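Asker: Listed below, chain by chain, are the residues.
2 protein chains.
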Amino acid sequence: MTSFFDEETSIEPNGDGSWRTELSAQWNIGDNPNGGYAASALLRSLSASVPHSAPLSVTSHFQRPALGDRAGTIEVEVVRAGRLTSTATGRLLQGDKERIRSIATFGQLDGDARTGTTVSFPPVSLPDPDACRSRDTLAQGIDLPIMSRLDVRLDPELAEPGVAGRAEMAGWIRFRDEAPVTAGALPLFCDAFPPSLFGLLGRVGWVPTLELTVHVRAIPVPGWIRARFETRDLAGGFLIEDGVLWDEAGSVVAQSRQLALLRTDGSDS
Amino acid sequence: MTSFFDEETSIEPNGDGSWRTELSAQWNIGDNPNGGYAASALLRSLSASVPHSAPLSVTSHFQRPALGDRAGTIEVEVVRAGRLTSTATGRLLQGDKERIRSIATFGQLDGDARTGTTVSFPPVSLPDPDACRSRDTLAQGIDLPIMSRLDVRLDPELAEPGVAGRAEMAGWIRFRDEAPVTAGALPLFCDAFPPSLFGLLGRVGWVPTLELTVHVRAIPVPGWIRARFETRDLAGGFLIEDGVLWDEAGSVVAQSRQLALLRTDGSDS
Numbered sequence: 120m121t122s123f124f125d126e127e128t129s130i131e132p133n134g135d136g137s138w139r140t141e142l143s144a145q146w147n148i149g150d151n152p153n154g155g156y157a158a159s160a161l162l163r164s165l166s167a168s169v170p171h172s173a174p175l176s177v178t179s180h181f182q183r184p185a186l187g188d189r190a191g192t193i194e195v196e197v198v199r200a201g202r203l204t205s206t207a208t209g210r211l212l213q214g215d216k217e218r219i220r221s222i223a224t225f226g227q228l229d230g231d232a233r234t235g236t237t238v239s240f241p242p243v244s245l246p247d248p249d250a251c252r253s254r255d256t257l258a259q260g261i262d263l264p265i266m267s268r269l270d271v272r273l274d275p276e277l278a279e280p281g282v283a284g285r286a287e288m289a290g291w292i293r294f295r296d297e298a299p300v301t302a303g304a305l306p307l308f309c310d311a312f313p314p315s316l317f318g319l320l321g322r323v324g325w326v327p328t329l330e331l332t333v334h335v336r337a338i339p340v341p342g343w344i345r346a347r348f349e350t351r352d353l354a355g356g357f358l359i360e361d362g363v364l365w366d367e368a369g370s371v372v373a374q375s376r377q378l379a380l381l382r383t384d385g386s387d388s
Numbered sequence: 120m121t122s123f124f125d126e127e128t129s130i131e132p133n134g135d136g137s138w139r140t141e142l143s144a145q146w147n148i149g150d151n152p153n154g155g156y157a158a159s160a161l162l163r164s165l166s167a168s169v170p171h172s173a174p175l176s177v178t179s180h181f182q183r184p185a186l187g188d189r190a191g192t193i194e195v196e197v198v199r200a201g202r203l204t205s206t207a208t209g210r211l212l213q214g215d216k217e218r219i220r221s222i223a224t225f226g227q228l229d230g231d232a233r234t235g236t237t238v239s240f241p242p243v244s245l246p247d248p249d250a251c252r253s254r255d256t257l258a259q260g261i262d263l264p265i266m267s268r269l270d271v272r273l274d275p276e277l278a279e280p281g282v283a284g285r286a287e288m289a290g291w292i293r294f295r296d297e298a299p300v301t302a303g304a305l306p307l308f309c310d311a312f313p314p315s316l317f318g319l320l321g322r323v324g325w326v327p328t329l330e331l332t333v334h335v336r337a338i339p340v341p342g343w344i345r346a347r348f349e350t351r352d353l354a355g356g357f358l359i360e361d362g363v364l365w366d367e368a369g370s371v372v373a374q375s376r377q378l379a380l381l382r383t384d385g386s387d388s
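Keeping their order, the protein sequence lines are chains A and B.
Take 120 as the starting number for the first sequence in this note's numbering and just add one per residue.
Take 120 as the starting number for the second sequence in this note's numbering and just add one per residue.
The shape of chain A in the complex, shown without the other chains (with noise of 0.2 Å):
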């Protein structure tokens, strides 16, 4: 069977050495697709051009917003294939306009193991997903498509609109149809969540990703997967936020940091 991410993800070589893609409008958040999905078909295009599959760190930068139901084209260039790792850089156009620029550096995470030393940090506490919020509830003032595809459970001591007093949102992800999560799909459940600064300043409008760097850590074990997301650095508009994702086993499955703008009004950067 396939997933509904495999299938809205799909890329078909155009044979100039370009790839096709057609985003899904069910990823949605608000009238566009969500960064991290419309993003993911890149991924995978870059992912297809390089000897090594796992993205160890993979650089979004956002353009424009992307489009649901239409279209797209993707163009890669390899920068480097290497023994240990390779690196690869491309961008989404749609309607003849570039939507997302990204550049990655692949390897193996499942390969030798080049020392023994490891440093990690646990899991951050959470009720049971029962027990959480789905993030549907939340009012956020935007509709959610993007839900029929992921199921998101959010720590209900950080749900209330501003009650926390911190700029932290933690919960559960899965993908609706509880397809197994690669690490091709890691960098998408890093940007899945309502803002952070939800906890501390309520309803904030659109807070649009500027860049994104998602770390893949480890390919998870099956089940849900832990996140904790914090901005502790909003000056002038812009927003540092850092994220975390854990598997059911507690390792560390991905990190990540965006650039974001806080804005106030509609206007387009």
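Hint data in this document are derived by calculation from the structure and do not stem from the laboratory.
Keep in mind it's a predicted model, so treat the numbers as computed, not measured.
Positions of the beta carbon are idealized from the N, C-alpha and C atoms, including for glycine.
Do not rely on the hints blindly, as some may be mistaken.
[Unchecked claim] Capping the alpha-carbon separation at 25 Å, the derived lysine to any residue pairs in SDA-like fashion look like this:
id : chain 1 : residue 1 : chain 2 : residue 2
1  : B       : K216      : A       : V195
2  : B       : K216      : A       : G201
3  : B       : K216      : A       : R199
4  : B       : K216      : A       : P170
5  : B       : K216      : A       : V198
6  : A       : K216      : A       : R322
7  : B       : K216      : A       : K216
8  : B       : K216      : A       : R202
9  : A       : K216      : B       : S168
10 : B       : K216      : A       : A167
11 : A       : K216      : B       : P170
12 : B       : K216      : A       : S168
13 : A       : K216      : A       : P248
14 : A       : K216      : A       : P184
15 : A       : K216      : B       : E196
16 : B       : K216      : B       : E131
17 : B       : K216      : B       : S137
18 : A       : K216      : B       : R199
19 : A       : K216      : B       : L203
20 : A       : K216      : B       : V197
21 : B       : K216      : A       : V197
22 : A       : K216      : B       : V198
23 : A       : K216      : B       : E131
[Claimed, not checked] A few chain B positions that, by computed beta-carbon distances, are all more than 10 Å from chain A:
id : residue
24 : T121
25 : P184
26 : P242
27 : P246
28 : P248
29 : S253
30 : A337
31 : F357
32 : E367
33 : L380
Given the coordinates of chain A, assemble chain B onto it according to the supplied hints.
Answerer: Below, chain B alone, put in the same frame as chain A:
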């Protein structure tokens, strides 16, 4: 008076859209230029190609070591020049081989704040610079020509190999010639300390940076920059090191995160 940094990251247009630079060997760590330094002329070329000057976000993927006292060619592509922000990408070549690929989004840090809300965190506590240890007294087992250009003072508690028992490094940094620290210099300052693993593991050999992302948050006031780096996540030989820089007014001026490789052999990636 031109500073060493200005002089040794200077760029000249080649007339065909590319730029020419000459990397100095005075910023070497061992036999090759420090990555943050080698990426600085490239960052300067990106900045010179867009209407905004401050690198709000810059990601560099390091393909091969750069070469000191050698000319380099820099190629730039402007991705988008917008009202609030602009994005550009480019690469540094030496001897026809690509050394570094970078992408950056630029903006104005001193522009009109788009919200009055700020979130921040206090500077790391440190002894005064004169009570700290110069980086060149550290038993790192590597030559540090870069100390002719940078004055780096380390928290003595963290400067003994393996004694701290945690993967943390902290201290002060400024240019040796006390040149003002511009927004464009902060990414270099994020890559100029010993690996934070030093306090946990002692001499760790070569810890090559695969990817470095720096978010410049504010233009520093004159004086020393205070810095703290930590590795919270090392697995399978790949590590994530986070850094924060503060100015003498106590403001966060940059945050950094890098993906690096902890290796015990000397082979190429």
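Asker: Against this structure, judge whether each hint is valid.
Answerer: Each hint tested on the structure:
| no. | hint | verdict |
| --- | --- | --- |
| 1 | B:K216 to A:V195 | 19 Å, holds |
| 2 | B:K216 to A:G201 | 14 Å, holds |
| 3 | B:K216 to A:R199 | 10 Å, holds |
| 4 | B:K216 to A:P170 | 20 Å, holds |
| 5 | B:K216 to A:V198 | 11 Å, holds |
| 6 | A:K216 to A:R322 | 31 Å, violated |
| 7 | B:K216 to A:K216 | 31 Å, violated |
| 8 | B:K216 to A:R202 | 17 Å, holds |
| 9 | A:K216 to B:S168 | 20 Å, holds |
| 10 | B:K216 to A:A167 | 24 Å, holds |
| 11 | A:K216 to B:P170 | 20 Å, holds |
| 12 | B:K216 to A:S168 | 20 Å, holds |
| 13 | A:K216 to A:P248 | 40 Å, violated |
| 14 | A:K216 to A:P184 | 10 Å, holds |
| 15 | A:K216 to B:E196 | 15 Å, holds |
| 16 | B:K216 to B:E131 | 19 Å, holds |
| 17 | B:K216 to B:S137 | 15 Å, holds |
| 18 | A:K216 to B:R199 | 10 Å, holds |
| 19 | A:K216 to B:L203 | 18 Å, holds |
| 20 | A:K216 to B:V197 | 14 Å, holds |
| 21 | B:K216 to A:V197 | 14 Å, holds |
| 22 | A:K216 to B:V198 | 11 Å, holds |
| 23 | A:K216 to B:E131 | 31 Å, violated |
| 24 | T121 | 30 Å, holds |
| 25 | P184 | 13 Å, holds |
| 26 | P242 | 13 Å, holds |
| 27 | P246 | 25 Å, holds |
| 28 | P248 | 25 Å, holds |
| 29 | S253 | 27 Å, holds |
| 30 | A337 | 7 Å, violated |
| 31 | F357 | 6 Å, violated |
| 32 | E367 | 17 Å, holds |
| 33 | L380 | 7 Å, violated |
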